[in-house]
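There are 4 protein chains.
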Amino acid sequence: MRQLKERNRCNRSVRHLKIQGKIWLKNLKSGLDQFRESQVRGTRTNFLHDGSFHEAVAPVLAVAQCFCLMPVSGIGAPTYRGLSFSRRSWRFWYSSLYLCSTSVDLAFSIRRVAHSVLDVRSVEPIVFHVSILIASWQFLNLAQLWPGLMRHWAAVERRLPGYSCCLQRARPARRLKLVAFVLLAVSLMEHLLSIISVVYYDFCPRRKDPVESYLHGTSAQLFEVFPYSNWLAWLGKIQNVLLTFGWSYMDIFLMMLGMGLSEMLARLNRSLEQQVRQPMPEAYWTWSRTLYRSIVELIREVDDAVSGIMLISFGSNLYFICLQLLKSINTMPSSAHAVYFYFSLLFLLSRSTAVLLFVSAINDQAREPLRLLRLVPLSGYHPEVFRFAAELASDQVALTGLKFFNVTRKLFLAMAGTVATYELVLIQFHEDKKSWDCSPSNHD
Amino acid sequence: MRQLKERNRCNRSVRHLKIQGKIWLKNLKSGLDQFRESQVRGTRTNFLHDGSFHEAVAPVLAVAQCFCLMPVSGIGAPTYRGLSFSRRSWRFWYSSLYLCSTSVDLAFSIRRVAHSVLDVRSVEPIVFHVSILIASWQFLNLAQLWPGLMRHWAAVERRLPGYSCCLQRARPARRLKLVAFVLLAVSLMEHLLSIISVVYYDFCPRRKDPVESYLHGTSAQLFEVFPYSNWLAWLGKIQNVLLTFGWSYMDIFLMMLGMGLSEMLARLNRSLEQQVRQPMPEAYWTWSRTLYRSIVELIREVDDAVSGIMLISFGSNLYFICLQLLKSINTMPSSAHAVYFYFSLLFLLSRSTAVLLFVSAINDQAREPLRLLRLVPLSGYHPEVFRFAAELASDQVALTGLKFFNVTRKLFLAMAGTVATYELVLIQFHEDKKSWDCSPSNHD
Amino acid sequence: MRQLKERNRCNRSVRHLKIQGKIWLKNLKSGLDQFRESQVRGTRTNFLHDGSFHEAVAPVLAVAQCFCLMPVSGIGAPTYRGLSFSRRSWRFWYSSLYLCSTSVDLAFSIRRVAHSVLDVRSVEPIVFHVSILIASWQFLNLAQLWPGLMRHWAAVERRLPGYSCCLQRARPARRLKLVAFVLLAVSLMEHLLSIISVVYYDFCPRRKDPVESYLHGTSAQLFEVFPYSNWLAWLGKIQNVLLTFGWSYMDIFLMMLGMGLSEMLARLNRSLEQQVRQPMPEAYWTWSRTLYRSIVELIREVDDAVSGIMLISFGSNLYFICLQLLKSINTMPSSAHAVYFYFSLLFLLSRSTAVLLFVSAINDQAREPLRLLRLVPLSGYHPEVFRFAAELASDQVALTGLKFFNVTRKLFLAMAGTVATYELVLIQFHEDKKSWDCSPSNHD
Amino acid sequence: MRQLKERNRCNRSVRHLKIQGKIWLKNLKSGLDQFRESQVRGTRTNFLHDGSFHEAVAPVLAVAQCFCLMPVSGIGAPTYRGLSFSRRSWRFWYSSLYLCSTSVDLAFSIRRVAHSVLDVRSVEPIVFHVSILIASWQFLNLAQLWPGLMRHWAAVERRLPGYSCCLQRARPARRLKLVAFVLLAVSLMEHLLSIISVVYYDFCPRRKDPVESYLHGTSAQLFEVFPYSNWLAWLGKIQNVLLTFGWSYMDIFLMMLGMGLSEMLARLNRSLEQQVRQPMPEAYWTWSRTLYRSIVELIREVDDAVSGIMLISFGSNLYFICLQLLKSINTMPSSAHAVYFYFSLLFLLSRSTAVLLFVSAINDQAREPLRLLRLVPLSGYHPEVFRFAAELASDQVALTGLKFFNVTRKLFLAMAGTVATYELVLIQFHEDKKSWDCSPSNHD
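Residue numbers (the working numbering), protein chains in the order written: chain A, 5 to 448; chain B, 5 to 448; chain C, 5 to 448; chain D, 5 to 448.
Rather than coming from a laboratory, the hints here were simulated on the basis of the structure. Take these hints with a grain of salt, some might be off.
Since the list can't tell identical chains apart, any single copy or any two copies may satisfy a pair.
What the hints assert, rightly or not - Below, a list of computed lysine to aspartate or glutamate pairs in the DMTMM-like style, where the Cα atoms sit at most 25 Å apart: (1) K407 to E427; (2) K241 to E228; (3) K407 to E277; (4) K181 to E194; (5) K414 to D399; (6) K33 to E194; (7) K212 to E372; (8) K22 to E286; (9) K26 to E216; (10) K22 to D213; (11) K331 to E301; (12) K22 to E372; (13) K331 to E395; (14) K181 to D54; (15) K181 to D368; (16) K212 to E395; (17) K22 to E216; (18) K241 to E216; (19) K331 to E194.
The task is simple: from the sequences and hints, build the whole structure.
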């Protein structure tokens, strides 16, 4: 009787899983189709390639939708006009489902942590879940704002000075896609390495089968409540994959925005660079000042929409770097673990640095006109130039972390200093006081 | 003979206590009456509702007077003209009495600490008493300045652009009262939770009766000198309640000021936002610049009056957060203690953050006009606009902590960083060096 | 034979000592005479009282000369013209002798430390000697610059708006002297307390006679090389007294300068405060701008002369505060020691804070005109006002510590934060992990 | 047979070594010749001495080429026109060879560290090798940019106001050479001291012969893989010498640049200082503003070329200071070691401070014109003066560390604070809790 019930429950779950799997596959396929389309169009029909940010970011957003983020429709549409957000689209429900399952997973994680000793390491899954949960919720909000944001973005883009040739026009988009897919690939590689290191060198197996043991370990918070079952384990693994990629995706998305916004400023700067040494009419300066102003207003609008994600991204990166450094004190159980561990730490450090550099490029580019205005000759120094210079001197243009900090290159030093201080204190605590004594091991 | 004397002393004390109690009840009643009046008038006679800060803050000040702070008369008067401060009013004497009793309590606390080991935890009662004592004294000074301050405030308020409808006019006042009473309610709840956790789960009872044991523990500094007596215990408890609410009230009061001042700037900004994109006559800019300047002068005057309270509020919040984090390392004796502890920590963190955000809103709103002035078109860019922009670019408008620090959003990061560093060092010290070893507890 | 030699040596030393003592007494007498004269003149002949800084600072400099600092002649002269510095004056040789004897004392201290374990406490005498030595040398240099500096100072003072009455004119000088002599008196009291606590409660006597034991302890670095002798002990004690007062004097001198310079700015501000709300002719603004500029140039000149002393003062105060906090962890051997220790710590903290506040008052006063210029009405807003405001907005006027840091109120927070962090780490290390356990000691 | 092979291999190596040695000697000779020439010309033919930076820096670059850095040709040429960089010159190949051998050495060092316990000390050789490797690579890049940079530099130099006499003209060059050669000499002395302390007081000899034992220790990473052989040991020693001097040279080179750039600004400032108090025609201000601007543009160009070296220099100095402080806790095995250790620490601290001060002098000199412009009288206050002042007020002119931080005097405080904090934490950990107890050792 009990067996029958269990089998029934199991069957139902399997059916459920199959349906979910199909939805996921369909989504993945449509995402890839969209991506392939945009790619094909991009290379074959170059005359159609309008160099807009909307077009460039489409495949990156398609990937996001595979991982249940950014449920906005029409990302593959030729112009921003095709974008729309609806509470009734399947993408919205799909994202909401993801939010719910993450919440449930979080609840199990909290339950698990509450039963163990509370310290900086054991809260890791909670920090991980909470940061992804808030970020996902922020992405849901962002999806709602995205069509309006892209409309504003396109309006500013139209006012920018044109590219001289179509090759130059395609470059920012290509660079953006390259960065995104390299990061996604490395992220995938890191996840595979983590699986390999755990499956093949499992030093405290929980079950006989190494795959089962791995799956058990991945969703340990579930199997403290439920008995082990393969379908639940796979569901947990899928959830875990979604979370991991969601976490990496945050950073990738911010880099995309950073590249898009700084490219706009760079286009303005390239135009200024050419004109600045000769006396220009006042109208030119009015044009460049208002153009600069409209880019700054766009940056402010984008910042209002993503500053929450920014705070979570920087905060969680800082937490996980400190945590990895803390773990680095321990000796590794096997060289597979060591390889995975240092690869993972390096990836984390590079990704964090990359986010900071790409996003702070906005600030660098926004300060550049100030330098150029210094070169305006006396005969072309109109009151408009003076106004432009005075405004530039007192503005601080940058994306922010919930307005608490500006993302500039100076932030790097502050973060590096924090990590270095932590590392020093850490090492100090674990220092085994060896000193000037003679170690005969390397005599021959 | 000795018994008789003791009984006499006891009788006198009881009589004293009764009188004190009556005064306190009368005060509470009058405060509540004032509050009820102002509420009734606010909802029934909307045409009378003038949206002034004086009116909005009245019930919050009435609550303060229940807890012996801000002994200014006429807070329930229809206009600021009714406000007065007199050294001969009962409110003043009542506040002075409170100051004296707090000083005496402080003396007993110091005596107790001096007889124990001196460390960061044992000085807690001293820090608590001293910060409240100084704050109460500052409130007494502030009461003296309050009528003048409100006159200045009303003068500035009259110059502000009007609200479009009376609903909009009532909103800031409603928001202010809501925030204040939610905080007071949560503060009350936290105190009750603390009583419950100690009374019902007292793990080291000092007396047989749990209530007596609780009262004994609350005023332990007294009962090291005097033998236990119920009336003294209840007096101590009243003092303790007054102190606890006084401590919370500091933060609430600062939030009120922050909301009032930033609302004034927001009203100016709303007006600018509407006019800024079209060419306005120079007189408009003179008007807005002088209005902005008079708000800034008001902020400076308020800052001179409350910057001491600000310093104490921020300092004591930071100290108590660090202390609670230090305590969080210990295991809790019961789950009632755990619930109380985490509720209390969360309340403390939220309250501190709320003070910072509400007060730093002044700085946010004061920087907003600078952004708006960037949008003034060339045809409307009068010298007055330039002067306004230049002044805005070099001013730093914010409430301060005794001029030592400005309360801006950047401060949040500095405080969060300090707390996080402390927490990291703390955890590092108590880290029990568990690592990659296999914990078999969660195998099935 | 050996005895004879020793006696000879002893005699010679005694003679030497007597001569030295006479010089010292003569110097003290002349200093006191100067002081008495300046005092008498100050109270009796008020019409002569010209309110100049030269006159106000004279008695403070006279005290400095008693302690072998600032060997400038003519400090008691009626005007700055009487000041002179000569390499051939007895004051110069006296100061040089002091520098030499301090160097010798330092050498003995280094010798002593090199023979003990090197840690943060044992280097205390070295830090103490080195900081006084450098400061004395800086004072010697300053004496050379002093006549020129006072000439410049008097030139600026003559241009300042006059005082309305002679009472007001005398006030800054009186305030200056009051602060200086209160601090000197407390410093003396602290030294006496230190003697009392060591002499009467000596818990590890090195010799039988308590006074001898005290003197031995004071100059322990000498008696590791030479056998104990009373005259050497007394010489060492005199050196010790000179060092201790020299150390306090650094801070007092910096406060005097801070008060003098900020008073000049305050006089300008009082004038501006009266005129700023009405439209003034352009010449008024030229006058005030150039006056402000000449005060700033004077501040810069003073800063070039004293920034070294400033760095040493702030650095040594920070070091000694940290050291005292480190010592505060230990239990005191007697309550006399405890009283002395907490008095000394409190004195150190107050003195450091006072230096910072008095010196940073320069920065506060220098920023004040910027606020006042905001109030200039449109009709009086000449280009000169704009220039004045623009210059004020970008200037940072303050005394500095060797140009490495500006002494402003913000510095206080940085220093307090450093001390608090150190204290927290300290307490954390010595925390004896007591927690929620029941301490039955205070049951009745 | 095996012996024969070994002998063959050995012979080949010896031949190789001889050829290498000849190349090195030839290079050294040519470098010294160049140096001698430039010196002779400088003193004998003063009328030829044109006071250019190219000429002044020539001997310093010649020394660099002895240590395989900066492979640019024509540094001894009379003007910048003789400079060239070619991939086919022997200097380039020589530098490349050095890069390769350093890489190989790094690989051996990593191999060695990977086999030992990983902590802050054991990574020392890796940090050392990696920082020199990157710096050498940066110097290679810089060599490529050097001819263009010097052309720009000379163009700016020609525009500067002339020196009044030829003695004054020669002074900056002399000062530059003096600083460079004093530092090189002290660096050599430090290296010799290190050899002496190890060779003569070797407390854990690895081989019988003290020299062999020293050489073995110097290249321990090699002799873990290969058996000991004298020629390999000497090769390793040469590599070690090149690395050590390369490391010192980084700092010296940055000081040279700092002196050169700040001297240019100082020349402009001296001209301004003379003219600023009298009303000058507008053309004068246009001239000085554009001159200032061209110096700033040159500084920016230099910064783009050397900011990488700057980051490595500051980073590695900070790391090695912390490491030396960590080592200072240990007791020294002999007084020779102690002398070497404290000399080395002092040298490191002075060198780091010197780099910071010389490089930050650029910032100091660049801020100086702002002060001077304040003194321009009303009659000479042209719009150009206002523009100049406004630009100065908002510019931050300084060399940077990869744009992450500006090298200004304020940086010193930040670095000193970091080092002091580290030192305090360090001491705290090793504090042996001695306190008020009586130490009878110094009783007589």
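Here's how the hints hold up against the structure:
no.	hint	verdict
1	K407 to E427	between (28 Å within a copy, 24 Å between copies)
2	K241 to E228	within (16 Å within a copy, 46 Å between copies)
3	K407 to E277	between (31 Å within a copy, 21 Å between copies)
4	K181 to E194	within (20 Å within a copy, 53 Å between copies)
5	K414 to D399	both (16 Å within a copy, 16 Å between copies)
6	K33 to E194	within (23 Å within a copy, 53 Å between copies)
7	K212 to E372	neither (62 Å within a copy, 64 Å between copies)
8	K22 to E286	neither (66 Å within a copy, 70 Å between copies)
9	K26 to E216	within (23 Å within a copy, 66 Å between copies)
10	K22 to D213	within (23 Å within a copy, 63 Å between copies)
11	K331 to E301	neither (43 Å within a copy, 46 Å between copies)
12	K22 to E372	neither (55 Å within a copy, 53 Å between copies)
13	K331 to E395	neither (48 Å within a copy, 50 Å between copies)
14	K181 to D54	within (15 Å within a copy, 54 Å between copies)
15	K181 to D368	within (22 Å within a copy, 37 Å between copies)
16	K212 to E395	neither (68 Å within a copy, 73 Å between copies)
17	K22 to E216	within (20 Å within a copy, 64 Å between copies)
18	K241 to E216	within (11 Å within a copy, 56 Å between copies)
19	K331 to E194	within (17 Å within a copy, 38 Å between copies)
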